[in-house]
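Using the supplied hints, reconstruct the complex from the two chains, each of which is provided in its own coordinate frame.
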Amino acid sequence: MIMGYDKRFDGRKQYEMRPMSAKVGVVPRADGSAMFQIGKTTAIAAVYGPRDLHPKFLQNPRGGLLRCHYSMMPFSGHGERVRPGQNRRAKEISRVMEASLRGVVDLNAFPNAVVDVFIELPQTDAGTRCAGICAASMALADAGLDMKDMVAAVSAGFVHDRIVADLTYEEEHYNEFAKGLKEEVHVADIPIACQVSNGEIVLLQMDGKVSAEFLAEALEVGKKACAEIGEVQRKALKERFTGGSL
Amino acid sequence: MNANLMNTTKEHILRGLDANVRLDGRKKEDYRAVSIEYDVSKSAEGSARVRCGQTEVLAGVKMAIEEPYPDTPDKGNLMVNAELSPLSSPEFETGPPSDWGIEVARITDRGIRESHALMPSTLCIESGKAVWSVSVDVVPICDSGNLLDMAGLVSIAALSHAHYPGVKDGNADYGTRTDKKLKLESTPLPVTVWAIGKHFIIDPLPEEEKAADARLTITTTADGTIVALQKGGSMPLKSEQINDMVKLALRVAKDLRHKLH
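Chains as they are written, first to last, in my numbering: chain Y, 15 to 260; chain U, 101 to 361.
The set of hints was computed from the structure by calculation and includes no laboratory data.
A portion of the hints provided could be inaccurate.
[To be verified] Each pair of labels, with its calculated beta carbon distance range:
1. 142/U / 215/Y: 27 to 37 Å
2. 16/Y / 166/U: 30 to 40 Å
3. 42/Y / 199/U: 24 to 34 Å
4. 174/U / 193/Y: 32 to 42 Å
5. 69/Y / 199/U: 36 to 46 Å
[Said to hold, decoys possible] Below, computed lysine-lysine pairings styled on BS3-like, alpha-carbon distance capped at 27 Å:
6. 268/U / 193/Y
7. 127/U / 54/Y
8. 281/U / 359/U
[Stated by the list, open to error] Just some of the chain Y residues that point at chain U, by a computed CB distance under 7 Å:
9. 60
10. 62
11. 93
12. 226
Idealized CB from N, CA, C, for every residue including glycine.
Only chain U is shown next, with the shape it has when bound in the complex (with noise of 0.2 Å):
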C-alpha cells in the first residue's frame, strides 16, 4: 500500500507467496510467536506488554473523574489513542497523530466500544455529576509488522489488568490503587488479513504491510460474533474471499485469546 516500495521486492514477495514462504520463512497463516506481560507500568493503573516477534507494543490505562456528557448523563468515558512514537520504527515522524496511528486508535477503540466489553453505565459513579473517564494508550516499542492486531490484544489485556484507583474529595487519589478491577464484558481481539496480489497473509512485516494491497481487519469476541470491520487498501475483495478471511480471523482471535488471563 506505498508507493515507496520497490517493485522489485514486491516481486520477491510474490514469488515467495506462490510458494507459500514468506521473507521470513514462515507459511501464509502462520502467526509469531506471542507473549502478553502484565501490570509493566506502575504509573498506570492497568498495563501490559505483547510481544509478536521482534514487534513490542506497550497499553497503559489512565482513568480519572469527570462530569458525563449532558446526553449520557450516566455513562462513563472510553477513549483509545495510539501514539507510534518514532522510537519504534524509522517510519514514524515527530508531530500530531499521522493516518495510520488515527486509524490503529480507531480501530481498536471501535472493537471495544461496540462489543460493550467496557459497559459505559458501569463507570457511573454519580447520574449528572461524576463518571470515570477510562483512557488506553497504545505506544509501540518496535514496530516490526503486525500493529494493527497487537493494538488492539494489547489494549484489552491492559483493561483486563485495571484497578480503580481510590477516590479522594471527589477526585482519583492515584496514590492508592483500590482492589476493585475494571469490569470486561468480553474480549474483542482485532484480527488483519492482507491481501498481496491473490495470496492471503497474517501477522504481517513491514515489507509485507508495505507491499499489502488490501487488508480487512475482522474482530470477534469469544462467542464469534463480529464487532468491528475494516477493509484497507484499494484492490476489491470478492464476498467469497471476505467470508474465507472471517473464517482465518475467527481461527486467530481463538488462539490469541488463550493468551490472555
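Chain Y with its partners taken away, still in its complex shape (with noise of 0.2 Å):
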C-alpha cells in the first residue's frame, strides 16, 4: 500500500519540470512563428497577420483582434486517433488562450484587422494548452508585434496527497496508473500561465478536487516554473537574431 506520492512516475522531483526545448522561426511562410516542447508535449505556432479581418462584421475599428486556434493533430492522442476538426474543447481552450495573450500584446495600430495564431500539436503527454501558450507567445514576438511581456504556462496539479509541476498523462490519470492505492484518491490539474516578469496570472483552470490552501502552493509552485519557462523562450528568441552564436 503507498501513502502518498513521495516518488514520480518518471523520478522528477515535486516541482521539477520536463525536460525543455524551444526554437523561434520553424514555419518559414508564418510572420511568426515557433515550436515549444516540454518532455512529449510539442506545440508549434505560427503567426499570421495583422491582416484583413473577415467576416466584416467582426471587424473592430479601435484596434486589431488576436485569434487563437488550437488543434490537436489527429495522431497525437494518448489513445486512438482525434477526430480533426473542431470540438467543444479545442474552441474553449482557444478561448483561453487567447484571453492569456491578449494582455500582453498591443493591437491598437491595426483597426479592423486580425492576429490569427494557429497551434498544433504533433504529439502530447498532457499539458497541451500550456505548451501551446508558450509557444504562441514566442511566436507573437517572432512576429514583430509590440509585446510587453511574455507569456509562459505550466500545470501544476495535485496529486494523491501534495503538488507537484508539470503533470504528465499518467499523473492526470493517477488513480488508473498508480499500483497499491486502497481506494481512489484526489487528482487536481491546474494549469496556470503568468506575464513572465510581473507573474500576474492570465490562465487559471482547473479539474479535480484540491483544498485553499494546496491552491496557494499551486499558484506559487506555477509562477516559479513560468519563470524558469520564460528564460528557456528568451534564449529562443535570442538564438532567433544572432544566428544560434550566443
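Shown next as C-alpha cells:
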C-alpha cells in the first residue's frame, strides 16, 4: 500500500518540470512562429497577420483582434485517433489561450485587422494548452508585434497528497496508473499561465478537487515554473536573432 | 491555376522558364533537397517528417481494431486524410477540408491502395469479426510548394515505420507498441509534373503552382509500374507530352525512393 505520492512516476522532484526545448522561426511562410517542447508534449505555433478580418462584422475600428486556433493532430492523442476539426474542447482552449495572450500584445495600431495564431500539436503527453501558450507567445514576439511581456504556462497539479509541477498523462490519471492504491485519491490538474516579468496570472483553470491551502501552493509553484520557462523562451528568441551564436 | 495570381507574376515566371531559370534559381527539372526523419510523434503508431526546401510535412499512422465491412469480412481498412492546417500557409483556412485538401488526400490514398502496398488481407485479425483499420493523417507544417509529392512520400515513410500496438480485451492497447511492423509490399511514390505554358517543371514553389496551366501526378512503384494518375488544370496535354512526363516522373520517383529506408 502506498501512503502518498512521494516518488514521481518518471523520477522527477516534486517541483521539477520535464526537459524543455524551444525554437523560434520554424514555419518560414508564417509572419512569426515557434516550437515549444516539454517532455513528450510538442506545440508548434504560427502567427499570420495583422491581416484583413473576415467576416466584416467582427472588425473592430479601435484595434486589431487576436485569435487563437488550438488543434491536436489526429495522431497526437494518447489513445485512439483524434477526429480532426473543431470540437468543444479545442474551442474552449482556444478562447482561454486568447485571453491569456491578449493582455501582452498591443494591436491598437491595427484597426479592423486580425492576428491569427495557429497552434498544432504533433505529439502530446498532457499540458498541451500550456505548451501551446508558451509557443504562441514566442511566435507573437517573432512576428514583431508590440508586446509588453512574454507569457509562459505550466500545469501545477495536486496528486494524492501534494502539489507537483508539470503533470504527465499518467499523473493526470493517477488512480489508473498508481499501483497499490487502497481507494481513489484526489487528483487535480491546474493549468496556470503567467506574465513572465511580474508573475501575474492570466490563465487559471482546474479539473479535480483541491483545498485552498494546496491551491495557494500551486499558484506559487506555477509562478516559479513560469519564470523558468520564460528563460527558455528568451534564450530561444535571442538565438533566432543572433543566428544561434549566443 | 489561380485567377488571383497577378498576370505580371506569371509573365515573369514564363520569361524565366524560357531561359531555364526559376524564381529560386533552379532549372526546370531540379528538385529541392529532400530529407526524411522517422518516429517524430511518439503518440502515433508510425510517423515521419519530410522536408523539401522550406516545405515541411508530417504524417502519422493510427491503428484501431474495428469490425470489417460485411462485403469484405477478411479485409482491413485504410484511410488517408490530409489536414491542410492554416498553420502552414496564409492561403489555408480553418474549417472543413478544402477541395485541395481532399484532392491531396485522395491522390495519396489511390497510390497506396492501387499498388496494394498495404494488403488489406494482412490486416485481418478474425474474419467477419475484427480487422485493423489504418489511418494516415498528413499535416503540413509549412507549405512552400510540392505538397502533392510530399504527402505521398511522407505517408509511405510513416507507414513503413509503423508498429502494431498491443491488444487488450479485443481493443488496441496504445500503451504498448509491439515489434511487429506494418508490412508494405511496395513503395508507390507520386511525382507531379506541372505545365506552365509550354514548359514542364517539377517540385514547384507556391507561385509556380498558381501560375501552372496543368499538372499531372504520376504515381509509380519501384518496378516502374504506374499505379495512379491524376490530371489537374484545364490546359490539354498531348499524348507525347504525357509520355515525356511519365519518363520524368519515373526518374524522379527513383531518386526519392533512395531517400527512404
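Cross-check of the supplied hints:
1. 142/U / 215/Y: 27 to 37 Å: holds (31 Å)
2. 16/Y / 166/U: 30 to 40 Å: holds (38 Å)
3. 42/Y / 199/U: 24 to 34 Å: holds (25 Å)
4. 174/U / 193/Y: 32 to 42 Å: With a Cβ separation near 40 Å, residue 174/U and residue 193/Y satisfy 32 to 42 Å, so the hint holds.
5. 69/Y / 199/U: 36 to 46 Å: About 21 Å separates the Cβ atoms of residue 69/Y and residue 199/U, which means 36 to 46 Å is violated.
6. 268/U / 193/Y: holds (19 Å)
7. 127/U / 54/Y: violated (41 Å)
8. 281/U / 359/U: holds (20 Å)
9. 60: holds (4 Å)
10. 62: Result: holds, 5 Å to nearest chain U Cβ.
11. 93: This interface hint holds because 5 Å falls under the 7 Å limit.
12. 226: violated (35 Å)
In the structure shown, a violation is registered for the earlier hints numbered 5, 7 and 12, in ascending order.
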